Amino acid sequence: MAYQHTIQHKTYTFPDLRTLLARATPFRSGDALASLAADNYEERVAAQMTLADVPLKTFLQEAIIPYEKDEITRLIIDTHDQTAFGPVSHFTVGELRDWLLSDEADTLTLQRLSPGLTPEMVAAVSKLMRNQDLISVAQKCEVVTRFRNTIGLKGHLSVRLQPNHNTDDPKGIAASIIDGLLYGSGDAVIGINPATDSPQAVVQLLHMLDGLRTQFDIPTQSCILCHVTTALEIIQRAPVDLVFQSIGGTEKTNSSFGIHLNLLREAHEAALSLQRGTIGNNVMYFETGQGSALSANAHEGVDQQTCEVRSYAVARKFSPLLVNTVVGFIGPEYLFDGKQIIRAALEDHCCGKLLGLPMGVDICYTNHAEADQDDMDNLLTLLGVAGCNFIMGVPGADDIMLNYQSTSFHDALYARKVLGLKAAPEFEAWLQRQGIINNKGQLQQVGKMHQLLSYNAG
Amino acid sequence: MNNELQHRHPIQEDPWSSLKAFTTARIALGRTGTAIPLREVLSFKLAHAHARDAVYSKLNITLLMEQLQPFHTGTLLLHSSAADRQEYLQRPDKGRRLDADSIKTLHTLPAALLQKDVAIIIADGLSATAMNVHTLPLLTQLIPMLKAAGIATGPICLTEQGRVAIGDEIGELLKTKMTLMLIGERPGLSAADSMGAYITFNPRVGNTDESRNCISNIRQEGLSYDTAAGKICYLLQEAIRLQLSGVGLKDNYHPSQISI
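In the order they appear, the protein sequences are chains A and Y.
Here the numbering used here is used: the first sequence runs in plain steps of one and ends on residue 458.
Here the numbering used here is used: the second sequence runs in plain steps of one and ends on residue 260.
If you are wondering where the hints come from, they were derived from the structure by calculation, not from laboratory data.
Incorrect hints may appear among the rest.
As the list claims (entries may be wrong) - Simulated pairs of lysine-lysine, DSS-like, Cα-Cα distance not exceeding 27 angstroms:
#, chain 1, residue 1, chain 2, residue 2
1, A, 339, Y, 94
2, A, 171, Y, 20
3, A, 417, Y, 45
4, Y, 104, Y, 58
None of these values were measured; they are calculated from a predicted model.
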């Protein structure tokens, strides 16, 4: 079905919903690379005006990737909750935007609505929202998850401690973990990107992390970010808290990652069967990022932001503890500069939250992107205001294994301080017991004899 | 006096700086309030500045031509269809294809320069700095090894705004059995001048990365010129023997094999 809009005698026609969504997307380099972006500013606004008038019900009738062709489309359609959709079913996309910003759309209402929204509806409405709107709406959402601690409560900001090392040396990794813990990081997860995906190396690192966690009784969880098939292979002989996987928003993208929904289901069930969580059963950790579908030549003519939001349908099927959009890692051919990275991060965070996901953001950039720490400071502050569940903590913001820049332990403390945010409650209490922070949440000077400094990685 | 001292030294050092022995990660930075001390902020900025400058650096064509002359291979100047760095960064597809002038140059070469075993290509990639620094010392090791191994080389192709895959088009037009693409790698904060080497058997436009072998991190503090040249020569010989490159060609090179 074609969509049309006329501006001063000029009629813009968009042949289908997929094209309309792409043309309505705020400019980013990846959509231009895919030849999906609007030709000029007027066409983009024309597309946004057209999109504003599209009824939400249309999204249930017109699949942007055919149902027969793509298992994610099938997942979206088959699991759509008509009852939850009821209260907004008469809206257009534009009316949904106005309603989301109204006082009527409070935290509880948005939580109830979540299963009634499809990724495409959420992507569509986000394209009509300014950065301010993305922050306002996200801030109203609250998505709380639990494993050994409670993540995502309003007023809290958790941190994934990311102690990567270029040769996976356990002592090198342990040094970064101790540094991070003494700076109050690590409540979301202590998560290592391994330099190699060898099962033996992963098992060794898992034992190290688990030993450290139990020795100091840290209320957190650990994860090695290996491929899901590696995790499945070792899960019976290693202390696996969370199962990790990178996911995308088209079946073809996921094929290029070597995964499909049944494999994720199998991994989810295996992780649940270990029953390692003490206060909750959210056992999955997913990573996403705009541009991955195009990068895998698997975008099916869909713009990169809509592809990204479709990947959240995959994530929410498995009730994850953490979903992390690694926003600036992919490079300038997808998100060119600080402005595009910031916009994309706010979109991902807001869209994920609306769909009921525990969103965190890897606030990051590579050295060939037009961005620097000032852009990351801006984004960190914006996401802190938006109520982001967690961010990364990398020593000095410099990941020596992945060769990109993210946020530091210090950055996390800055955000907590200026915005009055706290770590996950159980972890906050542990930090106090360890003398790392005082009862006002301020960092304390620890001595040379602090017990964490006695840790021996073997 | 105490007050005065505190005003002058607001930085709290971390009592675990001994852990720095185990990692090059930026740990035990100390703090002022919750902020990173200025000396560390500036050291980070300097590393980023080096990386940024490397991304925008240019091949020093005059110098490279001069340096390559003693090898008597001849040189060609080529350019991708990415007009400038801005376009190069946003349109990877353009960095993978030659511009019209370069295609013409290759089309009009005398037959004697075609159908060699390997085309050596020097491309800026994401760090021309790396190429300006490492091209001469690497080739000084490599060219004699190739000669000794009986691997025939054509003119060396200096290629601006090039990505790895542009080698496929160059090799196809030069009708060589293989390409050796030497290219500046994406700069990190720890190294802004790292060179990569990619070997592709039967170069054809449209080849994908699994059809290539890659040797990474060639620089003074990384993989030495000597070892890198040995590996490259070994892989080129093996590629000819097996008539393939990529996942089917394993890097079993050992430095003792250097005696050809």
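For each hint, the structure was consulted:
1. 339/A / 94/Y: holds, 24 angstroms
2. 171/A / 20/Y: holds, 10 angstroms
3. 417/A / 45/Y: Distance ~24 angstroms between residue 417/A and residue 45/Y Cα, so the pair holds.
4. 104/Y / 58/Y: Holds, because 23 angstroms separates the two Cα atoms, which is no more than 27 angstroms.
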